[in-house]
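Novice: Chains as they are written, first to last, in numbering that gives the first Met the number 0: chain H, 0 to 300; chain V, 0 to 274.
Because the hints were derived from the structure by calculation, they are not lab data. Yeah, the Cβ is synthetic: ideal placement off N, Cα and C, and Gly gets one too. It cannot be assumed that every hint is accurate.
Examples of chain V residues lying across from chain H (beta carbon under 7 Å, computed) [claimed, not checked]:
(1) Tyr113
(2) Gln116
(3) Val273
Think about it this way: if two alpha-carbon atoms lie no more than 25 Å apart in a straight line, the pair counts; the simulated PhoX-like pairs of lysine-lysine are [to be verified]:
(4) H:Lys177 - H:Lys195
(5) H:Lys180 - H:Lys115
(6) H:Lys126 - V:Lys63
(7) V:Lys76 - H:Lys135
(8) V:Lys110 - H:Lys128
Here are the in silico distance ranges between beta carbons for each label pair [as the list claims (entries may be wrong)]:
(9) V:Met47 - H:Lys128: 30 to 36 Å
(10) H:Asp161 - V:Met33: 17 to 23 Å
(11) V:Gly22 - H:Glu170: 32 to 38 Å
(12) H:Gly56 - V:Leu258: 52 to 58 Å
(13) V:Ile267 - H:Ser131: 53 to 59 Å
(14) V:Asn242 - H:Ala147: 53 to 59 Å
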Amino acid sequence: MNAIEIRDLRKSFGSKQAVRGLDMTVPEGAIYGFIGENGSGKSTTEKLLCGLMIPDGGTVRLFGRACTDAEARSKIGVLIEAPGCFPNLSLWNNMMIHAADLGIENAGREVARVLKTVRMEGAASNKFKNCSLGMKQRIGIAMALLGAPRLLVLDEPINGLDADGMRIMREVLTDITKSCKCTVLISSHILTELEKIATHYGIIRGGEMICEMTAEELDASCRAYTALKAADMNRTKLLLSSRYSRVEEAEDGYIRIYDLTTAEDIAGYLYENGVTIQEIGQSKINLEEYYIDLMNERRVQ
Amino acid sequence: MEQTRELTFKSPGFYERLKSMLGVDFYRLFHTPMFYIFLAIAAIIPAMVLSMTGMPNEQGETVKLYENTWNIIAADKPLYIINSMGDYANMNMVFIFGGIMVSIFIGHDYKSGYVKQLFTTHSLKADYMMSKSIAGAFSMMCMCITYLCGGLMAGVITGADMSVNIGSLLLAILGKMIMSLGWGSLYTLLNVVFRRYFGVSITLCFVIGTGIPVIGAAGLMGNNSGLNILLYGSSVNACLSSNIGTLLTCAAVSCCWALVYNIWGSYILSRCDVY
């Protein structure tokens, strides 16, 4: 069964179409990286699937049920934008309030468990208004984890987290998908972090899903390249451009050759032309580069 | 080793949902200083009105707004809307304080993002309306009690006349307390309608609570019971000549107000996005 199935979802705000005919399928147990530019419709889609917004058209199904179904909604944990906490209450009391809203029995034990999971047990008595951005994000994640949900919807959960916070979040998300068969929908602009955990990806642009793929498919789609550094970069680039069709100078200062060839072939050619190579190796573009390439292609189209 | 959990859908019943939501609202109510501040205001205002209007002026004449202590609780007769300000400034003032308090209470829900968190759970919008109405009504009932205490203490201190038909007095107080449910529902509706404009909702609650619309309407159309009941929820009918009929009228109107405003508010919430 799919945890999320969205078909032809549409939502407008006045004359602006935020989501236009969006389709999305998230299999159960997946960590689904939801990627898109600012204003592309990620948060709106997440609010629509959590029942916070009413769609103009289309269907959203959670575990085979309509997203408006209170029973289906009781299976989800949500962090959208910021946790909904009362600033003058302590973290513990805010968590207890959310546990009561969820109807959790043994709320105290459950709150203690999730606070420990996000390493916030020592700060439970702090007032929410006195917490740093990172602490607030951790509390938001803890709130989403309350009651062991079957689907987590996290909107930019990594924002404001320190390195330790990011590591904890990676561990938590990986663990709950494995141990509890929980599904995670996570949107983030920090693609390098997302790449470490996501099993599926969906890329949205202008309110439309432009592609959905698994991590394996992404890996296969990511172009391999040979990167090198030489003593005379300008001459090297000229030489390589005369022989290979796709030669680029990357931001990291390396020359990249995207043609299907070997490092030995390139090294031999440059050696013959009297170029001294300092470094050479083969790699693949990462998610961030793939995403930027895709966006650039779309812009050209 | 990988574990799998069976996906079962449990439907929490109406009473379970309402109980948990009321638990949260009452917890918040008792943990917010604002509630106690309003209780204190509700006690201080009648004491001030009663004692200050009983003081001698520059000419040495004692200006009395009320001949009887219990007029600070309710007027002698119903249907006095445009007769005298003194008849007007009684326990009905609780509905002004209550309106402001409910506005701030619900305003916090939206400002903090709590409603976003709440409506992603199994909670229904109708539960929200009901819970806020009950919490608002409870706070106004508490204010009625502190108002009574404040008025009584001031009456004793100033030595004002205390003669009253105790039965009618109790019926009047009970009538106003029962009307709190209707007022709580009305204020919850106003705050739901203007949820994105806190300034508008709090001003409307204040203006409606003061009874200005009903005074204005009475000025145009004349003073009558139907107008009171329709626009002011029979709150002014609960007076020192109240009888059991007055109490039943208050109960019936309060229930009708609560029902209508709760259905209306739930409908609006269910048709609107939550921000």
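Novice: Now, for every hint given, state plainly whether the structure supports it.
Specialist: Hint by hint, here is what the structure shows:
1. Tyr113: holds (4 Å)
2. Gln116: holds (3 Å)
3. Val273: holds (4 Å)
4. H:Lys177 - H:Lys195: holds (15 Å)
5. H:Lys180 - H:Lys115: holds (21 Å)
6. H:Lys126 - V:Lys63: Violated, because 49 Å separates the two Cα atoms, which is more than 25 Å.
7. V:Lys76 - H:Lys135: violated (56 Å)
8. V:Lys110 - H:Lys128: holds (13 Å)
9. V:Met47 - H:Lys128: 30 to 36 Å: Roughly 34 Å apart at Cβ, these two residues keep to the hinted range, so it holds.
10. H:Asp161 - V:Met33: 17 to 23 Å: violated (35 Å)
11. V:Gly22 - H:Glu170: 32 to 38 Å: This hint holds: roughly 33 Å between Cβ atoms.
12. H:Gly56 - V:Leu258: 52 to 58 Å: violated (33 Å)
13. V:Ile267 - H:Ser131: 53 to 59 Å: Once the Cβ atoms are compared, 37 Å apart, the range 53 to 59 Å for Ser131 (chain H) and Ile267 (chain V) is violated.
14. V:Asn242 - H:Ala147: 53 to 59 Å: The hint (53 to 59 Å, Cβ to Cβ) holds, given that Asn242 (chain V) and Ala147 (chain H) are roughly 57 Å apart.
Hint check: violations occur at hints 6, 7, 10, 12 and 13; the rest are consistent with the structure.
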